[in-house]
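> Here the protein sequences line up with chains F and H, keeping their order. Counted the way my numbering counts, the first sequence spans residues 1 to 79. Counted the way my numbering counts, the second sequence spans residues 80 to 789.
In the DSS-like style, the derived pairs of lysine-lysine whose C-alpha atoms are separated by at most 30 Å in a straight line are: (1) H:Lys195 to F:Lys7; (2) H:Lys168 to F:Lys7; (3) F:Lys7 to H:Lys199; (4) H:Lys137 to F:Lys7; (5) H:Lys143 to F:Lys19; (6) H:Lys168 to F:Lys19; (7) F:Lys12 to H:Lys146; (8) H:Lys168 to F:Lys61; (9) F:Lys61 to H:Lys199; (10) H:Lys763 to H:Lys598; (11) H:Lys146 to F:Lys11; (12) H:Lys143 to F:Lys12; (13) H:Lys485 to H:Lys297; (14) H:Lys168 to F:Lys11; (15) F:Lys61 to H:Lys146; (16) H:Lys137 to F:Lys11; (17) F:Lys11 to H:Lys195; (18) H:Lys593 to H:Lys573; (19) H:Lys314 to H:Lys209; (20) H:Lys513 to H:Lys265; (21) H:Lys143 to F:Lys11; (22) H:Lys146 to F:Lys19; (23) H:Lys593 to H:Lys737; (24) H:Lys208 to H:Lys98; (25) H:Lys361 to H:Lys386; (26) H:Lys137 to F:Lys19; (27) H:Lys195 to F:Lys61; (28) F:Lys12 to H:Lys137; (29) H:Lys146 to F:Lys7; (30) H:Lys168 to F:Lys12; (31) H:Lys199 to F:Lys11.
Simulated from the structure, these hints should not be mistaken for lab results. Quick caveat: nothing in here was measured; it's all calculated off a predicted structure.
In case you want the letters, here they are:
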Amino acid sequence: MKLEEVKHRIKKVVANVLKMDESEISDDANFIFDLGADSMQSMLLIAAFEEEFDIEMDVEKAQEVQTIGGAVDFIAAYL
Amino acid sequence: MSNRGKLHLANLQTLFYPKSIAVVGTNRVIGTVPGDIFVNILHADPQGIVFPVSPREKYIGGVKAYKYVIDIEDEVDLAVIVFPSSVAKLALEQCGQKGIKTVIIISAGFREVGEKGLAKENELLEIAKKYDISFIGPNCLGVINTDPDSRLNASFARKFPSQGNIAFLSQSGALCTAVLDYAQAKNIGFSKFVSFGNKTDISEIDLLYYLMDDEKTKVILLYLEEITDGCGLMKAAREVIDKSHKPVLILKSGRTKEGASAAASHTGSLAGEDKICDAAFKQAGIIRCENIEEMFNIAIAFVYQPKPKRNDVAIITNAGGPGVLTTDATIKEGINLAQFSEETLLYLKRNLPTTANIKNPVDIIGDARADRYVAAISAAVRDENVGGIFIILTPQSMTDIDTIAKEIAKVAEEFDKPVYASFMGEADVASGIKILQQNNIPHYVLPESMCKPFLKVYEFNQQLQKENNPEPVITKQSQEAKSFINNSLKLNRKYLYEINAIKVLAEYDLPVIKSRLAKSVSEALQVAEEIGYPLVMKVMSDDIVHKFDVGGVMLNINSKEEVSGAYETILKNVETIMPEATIEGISISEQVAQGVEVILGIKKDPSFGSVIMFGVGGIFVEIFKDVSFRVAPVQKDTAFEMINEIKASKLLLGTRGKKPADIDSIIESIVKLSHMAVDNPNIKELDINPLIVLEQGKGCFIADAKIILK
Numbered sequence: 001m002k003l004e005e006v007k008h009r010i011k012k013v014v015a016n017v018l019k020m021d022e023s024e025i026s027d028d029a030n031f032i033f034d035l036g037a038d039s040m041q042s043m044l045l046i047a048a049f050e051e052e053f054d055i056e057m058d059v060e061k062a063q064e065v066q067t068i069g070g071a072v073d074f075i076a077a078y079l
Numbered sequence: 080m081s082n083r084g085k086l087h088l089a090n091l092q093t094l095f096y097p098k099s100i101a102v103v104g105t106n107r108v109i110g111t112v113p114g115d116i117f118v119n120i121l122h123a124d125p126q127g128i129v130f131p132v133s134p135r136e137k138y139i140g141g142v143k144a145y146k147y148v149i150d151i152e153d154e155v156d157l158a159v160i161v162f163p164s165s166v167a168k169l170a171l172e173q174c175g176q177k178g179i180k181t182v183i184i185i186s187a188g189f190r191e192v193g194e195k196g197l198a199k200e201n202e203l204l205e206i207a208k209k210y211d212i213s214f215i216g217p218n219c220l221g222v223i224n225t226d227p228d229s230r231l232n233a234s235f236a237r238k239f240p241s242q243g244n245i246a247f248l249s250q251s252g253a254l255c256t257a258v259l260d261y262a263q264a265k266n267i268g269f270s271k272f273v274s275f276g277n278k279t280d281i282s283e284i285d286l287l288y289y290l291m292d293d294e295k296t297k298v299i300l301l302y303l304e305e306i307t308d309g310c311g312l313m314k315a316a317r318e319v320i321d322k323s324h325k326p327v328l329i330l331k332s333g334r335t336k337e338g339a340s341a342a343a344s345h346t347g348s349l350a351g352e353d354k355i356c357d358a359a360f361k362q363a364g365i366i367r368c369e370n371i372e373e374m375f376n377i378a379i380a381f382v383y384q385p386k387p388k389r390n391d392v393a394i395i396t397n398a399g400g401p402g403v404l405t406t407d408a409t410i411k412e413g414i415n416l417a418q419f420s421e422e423t424l425l426y427l428k429r430n431l432p433t434t435a436n437i438k439n440p441v442d443i444i445g446d447a448r449a450d451r452y453v454a455a456i457s458a459a460v461r462d463e464n465v466g467g468i469f470i471i472l473t474p475q476s477m478t479d480i481d482t483i484a485k486e487i488a489k490v491a492e493e494f495d496k497p498v499y500a501s502f503m504g505e506a507d508v509a510s511g512i513k514i515l516q517q518n519n520i521p522h523y524v525l526p527e528s529m530c531k532p533f534l535k536v537y538e539f540n541q542q543l544q545k546e547n548n549p550e551p552v553i554t555k556q557s558q559e560a561k562s563f564i565n566n567s568l569k570l571n572r573k574y575l576y577e578i579n580a581i582k583v584l585a586e587y588d589l590p591v592i593k594s595r596l597a598k599s600v601s602e603a604l605q606v607a608e609e610i611g612y613p614l615v616m617k618v619m620s621d622d623i624v625h626k627f628d629v630g631g632v633m634l635n636i637n638s639k640e641e642v643s644g645a646y647e648t649i650l651k652n653v654e655t656i657m658p659e660a661t662i663e664g665i666s667i668s669e670q671v672a673q674g675v676e677v678i679l680g681i682k683k684d685p686s687f688g689s690v691i692m693f694g695v696g697g698i699f700v701e702i703f704k705d706v707s708f709r710v711a712p713v714q715k716d717t718a719f720e721m722i723n724e725i726k727a728s729k730l731l732l733g734t735r736g737k738k739p740a741d742i743d744s745i746i747e748s749i750v751k752l753s754h755m756a757v758d759n760p761n762i763k764e765l766d767i768n769p770l771i772v773l774e775q776g777k778g779c780f781i782a783d784a785k786i787i788l789k
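Excised from the complex, chain F in its bound form (with noise of 0.2 Å):
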């Protein structure tokens, strides 16, 4: 999968979990301090990323992950 498409659909699920609009999110955007993810939505995320791409993270790393540029590289890593 090309890292484009990646990023399109992790965007897509952010806007979905976050209930903003995809336009808002910028490619180095960070999950907390840009687009105000609390503790909550943060581990939904990482849930549904699993879901979208049909993988098991490490939860413990995939926490690490602040922005969208990361989590593009480190859902590519997976798949």
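Using the hints, position chain H against chain F.
Frame of chain F; chain H shown alone:
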């Protein structure tokens, strides 16, 4: 004060009196830290504008919200960061870009969670330095300022306390909320209330310097879990006390922790972390408290009543039993029962029933009403032999509790003497206690609890009357001693045994005796002839810490034959008890006349630097544990205090027909040793044991010494 300390001092005024506050990372969710802090700030009715900064919200509580702090058009004095630790640095960076100079970082998840957290904390400090920001926290409850010119509640404490003159600073946030609740119930107000958490940037030392000039603060209370800069804390406290006459009370947790388990000397073993802390606080004039209750008991005595000028109290009670208990506690604490003047006794006789006890403690009898309390208090307070008054009340059917409370307040206000009260009980006396508290009469649940606060305030007042001692000046430095120690370290030596230790001590003019090392019997005989008899012979080995324990010391050697015999015996003893020890040789030294054996020592403490110990010496030093400590360097008066502080000081001062020992020579040795300690930071521990002290005027001599290097 460091440059950063100066910056903090300037920035702290803005922190306590901000004209605009941004709450960075807040939200609308009440019951969460980010949500509650914004609400608490608003509800306190602050003297400034509040800006919520939230990535998602357009407004919070009807106030326009900003996505980023840099989006705020106005100037911002103070930012309160409530984002999680993972993004706190992003928020702090933006605060720097916005030009904000004071920040409170509430977020947890830093050094308290381990190495990764510590790394995040260091990142925060780097950002703060880059932008000249001063920050409180992280991992804290926040900051409260009750001054009507500020009314800042940048915290997630449930309550905004009433205004008062007590500043409370705490390393523990959770303790803060409990203290606020406790204080509210006792009608105690605060000037400033600061939870400083991990004290990564602004520490208790910076806060002490700020509070020194804070007009609203009369007493400073400090709860500490760790002391990172002990010397800095001592210096700041000393300055606050000397310049502003504000008492500094510290509750330091971890009293039972002993950091001496791996010590290789008597001094190291006896100088536990807590004892050093005790000594350092005493030296700095800090009042150390045992618990929160005691801390506030003392604080209210300072804040609400005048300072006693005499250490003599009058006890006035309507109950014999509590009167006797309080008398016992008073004497035990070291306070005197005032001897009433004839005039006072006559007045009391005329105005109290014949069944009353007019001598101190004054028992005005169980059926006493307000008039008897007024008569007794008025007489006592006018008596020049009385320094303060303890009033005890037990609720009996005819006791007009509220009226008595009001009358106590009236009389107390008229005179410049402290009046404390204990209305014993709970339900019946509640309204009376409230009246006392509203009228600034310190109230104590148990009458015995009046004693310690009285004594502490009295002692503090006495301390203020004394002329301030200048900072001790180091009069002796030795490059030779330093080189010797550094060379030993290069050779990986852990110890300097007696011969070499004495060389170093001699550099500081300490009273060493003639001593040489012999590596064979023939050398020993030669050295013995040079020094002269009687002699002491001791084994020298890096592997042997306590020579007596391995039969490595022989005294009273008076002839060549005895020298040869002692040499062989010592070697044999050591070989039997500690065969693995490498023996350097046998030291031979002159045996000084008999005297009192004391110990002097040095221990390097990570917080306070070099600490000096004095005490009862000899082989039982760790059994008697009769020792005192001070942080080096010390002056003569401090050295004298150290001597007086041990239980056995009477032995030195002369008792039961014995002549006094040469105290002046001990004082001189303590002072010189303290200079040596400061001059040689590579000394980890040192024992001079024993220092043999002769009769007054005849001096003292170091009979044995060892130095343990870093």
